[in-house]
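Novice: Each chain, written out:
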Amino acid sequence: MLGLDRKDTRLLIFVVLLALCAPFLLNPFPTESAMAQFNAGYPDLMQRFAIYGIFAIGFNILFGLTGYLSFGHAAFLGVGSYSTVWMFKLLSYNIVPGIILSVIVAGLFALLIGFISLRRSGIYFSILTLAFAQMSFALAYSVLTPITNGETGLQVYTDDPQYLQSVGSPNVPNLFGIVMRDTYTLDVGAWSFDFNNGYYFCAILMLIAFYLSIRIYRSPFGLMLRAVKSNQQRMNYTGLSTRPYTLAAFVISGMYAGLAGGLLASMDPLAGAERMQWTASGEVVLMTILGGVGTLIGPILGAGFIKYFENIFSKINDATLHSWFGFLPEGLENAVVWILEHFVGAGWHLTLGLLFMLVVIFLPGGLVEGGQKLAAFVTRRGSDKKDKTSGSTEPAE
Amino acid sequence: MDALILQVLNGLDKGSAYALIALGLTLIFGTLGVVNFAHGALFMIGAFCAVTVQRLLSLSFVTVDETQKDFLGKPLKVETPYVEAWFGPEVGAAIIDWSVPLAIIFAIPIMLAVGFIMERGLIKHFYKREHADQILVTFGLAIVLQELVKHYYGANPIPTPAPDAFKGSFDFGALIGFDPNTIIYPYWRLVYFAFSAVIIAGVFSFLRFTTFGMVVRAGMADRETVGLLGINIDRRFTIMFGIAAAVAGLAGVMYTPINSPNYHMGMDFLVLSFVVVVVGGMGSLPGAVLAGFLLGILESFASFSPIKNFFENWLFLPSIDQIIIYLVAIVILLTRPRGLMGRKGVMEE
Numbered sequence: 001m002l003g004l005d006r007k008d009t010r011l012l013i014f015v016v017l018l019a020l021c022a023p024f025l026l027n028p029f030p031t032e033s034a035m036a037q038f039n040a041g042y043p044d045l046m047q048r049f050a051i052y053g054i055f056a057i058g059f060n061i062l063f064g065l066t067g068y069l070s071f072g073h074a075a076f077l078g079v080g081s082y083s084t085v086w087m088f089k090l091l092s093y094n095i096v097p098g099i100i101l102s103v104i105v106a107g108l109f110a111l112l113i114g115f116i117s118l119r120r121s122g123i124y125f126s127i128l129t130l131a132f133a134q135m136s137f138a139l140a141y142s143v144l145t146p147i148t149n150g151e152t153g154l155q156v157y158t159d160d161p162q163y164l165q166s167v168g169s170p171n172v173p174n175l176f177g178i179v180m181r182d183t184y185t186l187d188v189g190a191w192s193f194d195f196n197n198g199y200y201f202c203a204i205l206m207l208i209a210f211y212l213s214i215r216i217y218r219s220p221f222g223l224m225l226r227a228v229k230s231n232q233q234r235m236n237y238t239g240l241s242t243r244p245y246t247l248a249a250f251v252i253s254g255m256y257a258g259l260a261g262g263l264l265a266s267m268d269p270l271a272g273a274e275r276m277q278w279t280a281s282g283e284v285v286l287m288t289i290l291g292g293v294g295t296l297i298g299p300i301l302g303a304g305f306i307k308y309f310e311n312i313f314s315k316i317n318d319a320t321l322h323s324w325f326g327f328l329p330e331g332l333e334n335a336v337v338w339i340l341e342h343f344v345g346a347g348w349h350l351t352l353g354l355l356f357m358l359v360v361i362f363l364p365g366g367l368v369e370g371g372q373k374l375a376a377f378v379t380r381r382g383s384d385k386k387d388k389t390s391g392s393t394e395p396a397e
Numbered sequence: 398m399d400a401l402i403l404q405v406l407n408g409l410d411k412g413s414a415y416a417l418i419a420l421g422l423t424l425i426f427g428t429l430g431v432v433n434f435a436h437g438a439l440f441m442i443g444a445f446c447a448v449t450v451q452r453l454l455s456l457s458f459v460t461v462d463e464t465q466k467d468f469l470g471k472p473l474k475v476e477t478p479y480v481e482a483w484f485g486p487e488v489g490a491a492i493i494d495w496s497v498p499l500a501i502i503f504a505i506p507i508m509l510a511v512g513f514i515m516e517r518g519l520i521k522h523f524y525k526r527e528h529a530d531q532i533l534v535t536f537g538l539a540i541v542l543q544e545l546v547k548h549y550y551g552a553n554p555i556p557t558p559a560p561d562a563f564k565g566s567f568d569f570g571a572l573i574g575f576d577p578n579t580i581i582y583p584y585w586r587l588v589y590f591a592f593s594a595v596i597i598a599g600v601f602s603f604l605r606f607t608t609f610g611m612v613v614r615a616g617m618a619d620r621e622t623v624g625l626l627g628i629n630i631d632r633r634f635t636i637m638f639g640i641a642a643a644v645a646g647l648a649g650v651m652y653t654p655i656n657s658p659n660y661h662m663g664m665d666f667l668v669l670s671f672v673v674v675v676v677g678g679m680g681s682l683p684g685a686v687l688a689g690f691l692l693g694i695l696e697s698f699a700s701f702s703p704i705k706n707f708f709e710n711w712l713f714l715p716s717i718d719q720i721i722i723y724l725v726a727i728v729i730l731l732t733r734p735r736g737l738m739g740r741k742g743v744m745e746e
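Top to bottom, those sequences are chains A and B. For the first sequence, this note's numbering assigns the number 397 to the last residue and increments by one with no breaks. For the second sequence, this note's numbering assigns the number 746 to the last residue and increments by one with no breaks.
Worth double-checking, as some hints may not be accurate.
To be verified - Derived coverage of chain B by chain A (criterion: at least 3 residues anywhere in the stretch with Cβ under 8 Å from a Cβ of chain A; other residues may be distant):
{"id": "1", "region": "531 to 542"}
{"id": "2", "region": "717 to 725"}
{"id": "3", "region": "728 to 735"}
Hints listed in this document are in silico derivations from the structure and should not be mistaken for laboratory results. We put the CB at the ideal spot given by N, CA and C, even for glycine.
I would like the entire structure built from these sequences, with the hints used as guidance.
Specialist: So, in structure tokens, the structure goes:
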């Protein structure tokens with residue numbers, strides 16, 4: 001179907017179902033129950049799942065296929081956000097021009113940065129992209145204040161021209177009149193499910209992005225990129241210049257990041273320089289690694305995992321912990337809470353850093369590899385085939 | 398002319414910090430072949446050693462002085478630091494005053510230990526892995542260290558003053574024959590520059606004039622052959638890692654009076670130090686030092702108002718000082734891909 005083989009089609013359908021049923025899947029606990037704080041089915045978070053999914057899918061096209069570790073992808077995300085907000089300011093609150101522009105601008109920006117950075121490989125490349133990202137951050141934060149509004153962040157003001165804004169159209173980001181932040185809430189018994197326009201818009205774009213990434217993986221172009229990863233020198237000896245291929249991969253992943261940035265601004269019409277900071281670049285690297293580098297579904301899983309736990313962990317505080325461990329004897333309770341409070345609330349970043357290290361040390365293939373190992377362990381008696389529904393590709397060594 | 402000298406002087410202290418961190422990074426890279434993204438965190442840990450020493454020294458006990466009254470008419474509570482009680486008020490006050498230089502003694506063993514533990518516990522296992530994995534795991538470690546410091550010391554910068562003897566500025570211009578009050582330079586920055594010059598000279602002469610240093614240099618050139626000669630090169634490299642960590646830590650200790658330490662200072666310096674290493678040439682120690690000072694001075698010149706205004710008015714780039722280092726780094730990498738003093742065959746794929 002759609003030019004995919006059976007395994008990939010199954011994977012695509014799996015992801016489509018996952019994306020469309022997300023409001024149900026992410027809200028498994030009744031609204032009033034104590035477990036409701038683990039629900040993730042509210043619009044804001046679901047949008048971020050889809051958006052960061054796009055970001056990570058795009059990053060994986062570069063890192064997973066070519067092995068070039070970029071530490072500056074957040075710059076493209078930020079550029080995308082800024083272009084979308086500028087479209088809001090100049091034209092209207094319709095998100096289509098903004099998103100198209102964000103992809104184009106991010107692509108051009110990636111072309112420029114990639115052209116320079118890809119002259120070197122290995123760590124030089126990582127450091128160069130990191131330097132570029134920090135430079136973009138400095139540009140956005142102070143140097144280009146007339147364009148980016150510096151520290152305050154770019155937003156839409158009432159005296160902005162908005163030349164195409166017609167009288168009747170809504171005064172918030174919308175898609176030809178469909179307001180992005182509108183949510184239809186379905187109450188079933190004790191449960192309630194949110195169906196948000198913005199989420200579905202992001203999810204559809206994520207599915208398109210995912211489909212495109214499958215096609216790229218299976219194309220001769222994707223094969224070429226993998227060859228670059230496995231042995232660039234040999235490619236050069238055969239008389240082939242690898243740079244156009246790596247540059248194309250860099251630009252494509254930059255455009256994915258631009259799209260994600262544009263969507264972030266479309267859901268919430270703000271753009272700030274902190275989106276470009278290098279910790280944000282590190283986050284997308286972590287999402288990809290955690291999910292599984294070079295696998296198709298890995299980045300989506302990784303993005304969902306990180307965003308979910310970021311959200312849940314940040315909400316937990318001392319009182320919650322004390323209520324959980326109230327059954328323990330006093331001293332033990334305090335000790336357990338004392339240890340755990342390092343990792344929750346404001347300490348979420350500590351958990352993130354530890355997770356980062358643990359994954360790189362013990363599970364370099366990420367969740368997908370973990371799943372495969374688990375599946376192989378369970379079905380060891382049955383058959384030798386390590387085939388999980390995730391349908392991951394072999395990580396190119 | 399005096400303005401130019403002032404800019405050079407202003408660049409020296411930042412340049413010293415860049416040079417020290419970049420020196421450590423290059424040492425680690427040259428010996429172990431590992432890219433250490435946690436090096437900025439080591440700089441930060443050094444700075445927080447100074448904070449800790451200062452806090453430990455000013456630990457006090459409270460006594461109630463019946464003879465004096467506070468503004469509510471109750472007996473006055475007097476806080477006396479333990480050191481003042483033990484060594485007498487004057488010596489005690491002097492010890493507290495000199496907490497930053499004293500922290501050096503405290504920081505050296507701690508930083509060496511941190512370095513050894515890091516190398517033996519974590520980085521040892523990553524020699525055979527890809528550079529990407531090394532970058533990622535040290536990046537994770539940097540986040541962990543940074544968050545731990547944030548958890549225990551808070552997110553705000555902690556002022557850590559220099560000793561009273563070095564507070565204030567002196568008239569450098571009058572000293573070398575300019576009009577008075579044209580070149581004013583804080584004492585502590587001069588101390589910092591002298592300190593880093595001593596450290597750099599120390600590291601270089603250690604590598605140059607000792608047998609240990611000779612073996613390490615041989616190992617940097619050809620690890621396998623040195624190993625075949627029956628020398629335990631791994632242990633020496635571990636020691637070099639500890640030394641690199643100590644250099645970064647000391648740079649941090651002495652930097653605290655210039656900028657109050659906060660938990661993300663390491664990350665801020667790390668990115669620029671990487672740029673310094675790349676500009677200087679990967680694996681070249683003199684290159685790292687040279688590039689550190691050059692870029693520090695360059696940054697200071699870019700914040701010099703005539704130059705800044707020129708960029709703002711003619712090229713529409715306000716606050717050029719924020720990005721000048723990156724721009725120069727890009728130009729250098731495009732024209733001299735190995736950096737200023739990079740050698741052939743180091744880190745080339």
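Novice: For every hint, state whether the structure bears it out.
Specialist: Here's how the hints hold up against the structure:
1. Coverage of the region 531 to 542 of chain B by chain A holds. Counting CB-CB distances below 8 Å, 9 residues qualify, and the rule asks for three or more.
2. Only residues whose beta carbon comes within less than 8 Å of a beta carbon in chain A count, and the region 717 to 725 of chain B has 5; three or more means the coverage holds.
3. For the region 728 to 735 of chain B, the assignment as covered by chain A holds, since 3 residues bring a beta-carbon within under 8 Å of that chain's beta-carbons and 3 suffice.
In terms of the numbered hints stated before, the structure departs from none.
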